[in-house]
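One letter stands for each residue in the lines below.
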Amino acid sequence: MKKTLIIPIIALCLFLGTMTIAASAYGTPESIVAAGKVYVSSVTYDPAVFFTGDVGTVTFDVTNGNTDQGVVVNHATFSDIDNNIKLISGSYDYSSNIGPGKTQTFTFSVEADGRDGTYYPTFSLSFRDADNLWYKTMVQIDNTPLVVTILDKPDAFTQGRKKTMNVQVANPRKNDVYSVLLEISGTGITSTPSKIFIGELGWGANKTVNVAITPDQPTTLVTTVHYANGDNIHKVTTDLPIVFGTDKKQANPVVSNIQIKSDAGIYHVTGDVTNAGLETANAVMVTTLPPAIPQDPYRTYVVGALKPDDFGSFEVTFSGENGTSIPLQLLYKDADGNIITSTYDVKVSIPANNSQTNGLPLLPILAVVIILAVFVGGWAFYLRRNKK
Amino acid sequence: MRHSFAYLFLTPDAFFQDLITKKESLRRPAMIILAAGIAAGAYACLVGGLTATMMAGIMPGMETIIVLSAFFGALLFTVILWVLWWSGVTFAISTVFKGKGSFKRTMEIVGYGYLPQVVGIIINAIVAYLYIPKVKVPTLSTAAIQDPQLIQEATRALMHDPAMMALIQITSIISIVFLVLSANIWIFGLKHARMLSLRDAAICVSVPVVGYSIYYLYMMTVI
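Residue numbers (the numbering used here), protein chains in the order written: chain A, 1 to 388; chain B, 1 to 223.
Next comes chain A alone, as it looks inside the complex (with noise of 0.2 Å):
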């Protein structure tokens, strides 16, 4: 009896059972209302705003707003209806169940292909057992690059001098950027650092950096500064024309008071060496080029260092050619170790002394001469009047 019992009450729960699937499976006022306490809890770009062109992801975060029963999704997508933030991943095409509380992450590939400006794409979720959950969003595209600011330079760059430049790298855009990358290059340049990591740089912060530059030549000095946003690698670069001029603060060593002396066959120029510039000349040094052939004891002079209005004397020795005119060369070091050299020309000559006793002795000469004409007068005369 009570088998013939069991047997009808299991067929009875079966069948209640596959009624309840079958009626879940359509709209009804509970699902529906259970439908209608889901949310779109978060909404997140990476990058937050893009470049166009940028390549990213947009994460939907869906929470299930009911206590007490799951809902059941089985579609959701993103669009734009004018394609500027196109989805460039798949849709989500199966079902999944939120459970009560729950929340659920939807992430898209998109690339932005507008131009700058706000946009509102669509994130929307189909429910199994209600309508579809609708959730306008905004993003934006903006193609405003990092901005690089020489903000300290030299007055003037010099060959082979190596100058401090204070570069400064500022975001204006409206998301952070990531990997912030410094590159100083250009034809003869020597930059040290080359390249300078900066790492992140929250929007509207900047980041001030010191370069020290060392051209060779007039050129054209490049600044490149790499970032990401996002996963998408972008570079500003800056240009900064090198060229050559005076530097107003430099050490300015001024020759003067010059003489010059001979003495067997070598020549001795003397002088003062005197710091005009703001800055101090340091191993200061003189010697002689060619044609002058630089001589001992003072082939070379070290005067020292020499600080602003300081003047120190020298002297250098050589021989050469009188007459001819011959390179005095001065060489320094910056603070830097730069050498800076500059020549003077001196024209040398036997001073006026010297050439006086270059003529022919004119007394002596006159003297030998009347002796001698005394001599011979004398014996003439003499052998005249004894012939008499």
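Quick caveat, the hints were computed from the structure, so don't treat them as lab data.
Just so you know, even glycine gets a beta-carbon here, dropped at the ideal spot from N, CA and C.
Any given hint might turn out to be false.
[As the list claims (entries may be wrong)] Simulated pairs of lysine-lysine, DSSO-like, Cα-Cα distance not exceeding 27 Å:
| hint | chain 1 | residue 1 | chain 2 | residue 2 |
| --- | --- | --- | --- | --- |
| 1 | A | Lys162 | A | Lys207 |
| 2 | A | Lys333 | A | Lys153 |
| 3 | A | Lys333 | A | Lys163 |
| 4 | B | Lys136 | A | Lys347 |
| 5 | A | Lys261 | B | Lys136 |
| 6 | A | Lys162 | A | Lys333 |
| 7 | B | Lys134 | A | Lys261 |
| 8 | A | Lys333 | A | Lys248 |
| 9 | A | Lys86 | A | Lys174 |
[As the list claims (entries may be wrong)] Beta-carbon label-pair distances, calculated as ranges:
| hint | chain 1 | residue 1 | chain 2 | residue 2 | range |
| --- | --- | --- | --- | --- | --- |
| 10 | A | Leu366 | B | Leu130 | 17 to 27 Å |
| 11 | A | Lys347 | B | Ile214 | 56 to 66 Å |
| 12 | B | Ala166 | A | Gly160 | 54 to 64 Å |
| 13 | B | Ile132 | A | Gly160 | 49 to 59 Å |
| 14 | B | Lys136 | A | Ile293 | 15 to 25 Å |
| 15 | B | Ile132 | A | Lys347 | 26 to 36 Å |
| 16 | A | Phe311 | B | Ser69 | 40 to 50 Å |
| 17 | B | Val79 | A | Lys261 | 39 to 49 Å |
| 18 | A | Ile293 | B | Ser69 | 24 to 34 Å |
| 19 | B | Ser69 | A | Gly160 | 24 to 34 Å |
| 20 | A | Gln329 | B | Ser69 | 41 to 51 Å |
| 21 | B | Tyr129 | A | Ala305 | 47 to 57 Å |
| 22 | B | Thr221 | A | Lys261 | 23 to 33 Å |
| 23 | A | Ile370 | B | Met159 | 21 to 31 Å |
Position chain B relative to chain A; hints supplied.
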């Protein structure tokens, strides 16, 4: 009595007239030439000392060699001048005037006639002794070994030093004055030694004296 050197200066004609009667002898003339040579050597030592100082930087120890070379060079030059120039040239010219007498006799009278020059050279040595400390001597470095131009320039600078110039001028005048005195003696000596007229003897002596003087003047202008 007439062999006294005082007679040589005061009455050379009588001195040689008496000498010609004696047998030829070069002993006393050679002594005079030796004295002249030593005096010239002393003068050369003083001047050579300047060159030695100049060269000291090139080769240390060279000073002694230079000084000794200067001394013996001057001595030898005096002897050569006696034999070849004054005696030889005078003798050769006198043959044009049919002069008679041996070359030895000519050397003898030339040797005697050198006596004033001994005095002149001694005076020159004294002048040199006084002037040489005032000469500023240029010094050469070792680099001059590879550059003869430097040595030449140094020598030139030395010779044009004001004190050196004064020394050369004073000694030149003294030398010529005493050479003229010697020539005066040689004329009378040659007259007797080669049996010439006074006019011919004067011509024979004047030629080498004037020639030597011209050479002397030339050297002064070259330096």
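Hints, one by one, checked against the model:
no., hint, in the structure
1, A:Lys162 <-> A:Lys207, "23 Å, holds"
2, A:Lys333 <-> A:Lys153, "21 Å, holds"
3, A:Lys333 <-> A:Lys163, "14 Å, holds"
4, B:Lys136 <-> A:Lys347, "25 Å, holds"
5, A:Lys261 <-> B:Lys136, "13 Å, holds"
6, A:Lys162 <-> A:Lys333, "11 Å, holds"
7, B:Lys134 <-> A:Lys261, "19 Å, holds"
8, A:Lys333 <-> A:Lys248, "16 Å, holds"
9, A:Lys86 <-> A:Lys174, "21 Å, holds"
10, A:Leu366 <-> B:Leu130: 17 to 27 Å, "23 Å, holds"
11, A:Lys347 <-> B:Ile214: 56 to 66 Å, "39 Å, violated"
12, B:Ala166 <-> A:Gly160: 54 to 64 Å, "55 Å, holds"
13, B:Ile132 <-> A:Gly160: 49 to 59 Å, "55 Å, holds"
14, B:Lys136 <-> A:Ile293: 15 to 25 Å, "23 Å, holds"
15, B:Ile132 <-> A:Lys347: 26 to 36 Å, "34 Å, holds"
16, A:Phe311 <-> B:Ser69: 40 to 50 Å, "49 Å, holds"
17, B:Val79 <-> A:Lys261: 39 to 49 Å, "42 Å, holds"
18, A:Ile293 <-> B:Ser69: 24 to 34 Å, "30 Å, holds"
19, B:Ser69 <-> A:Gly160: 24 to 34 Å, "56 Å, violated"
20, A:Gln329 <-> B:Ser69: 41 to 51 Å, "43 Å, holds"
21, B:Tyr129 <-> A:Ala305: 47 to 57 Å, "50 Å, holds"
22, B:Thr221 <-> A:Lys261: 23 to 33 Å, "26 Å, holds"
23, A:Ile370 <-> B:Met159: 21 to 31 Å, "24 Å, holds"
Hints 11, 19, counting from the list given before, are not met by this structure.
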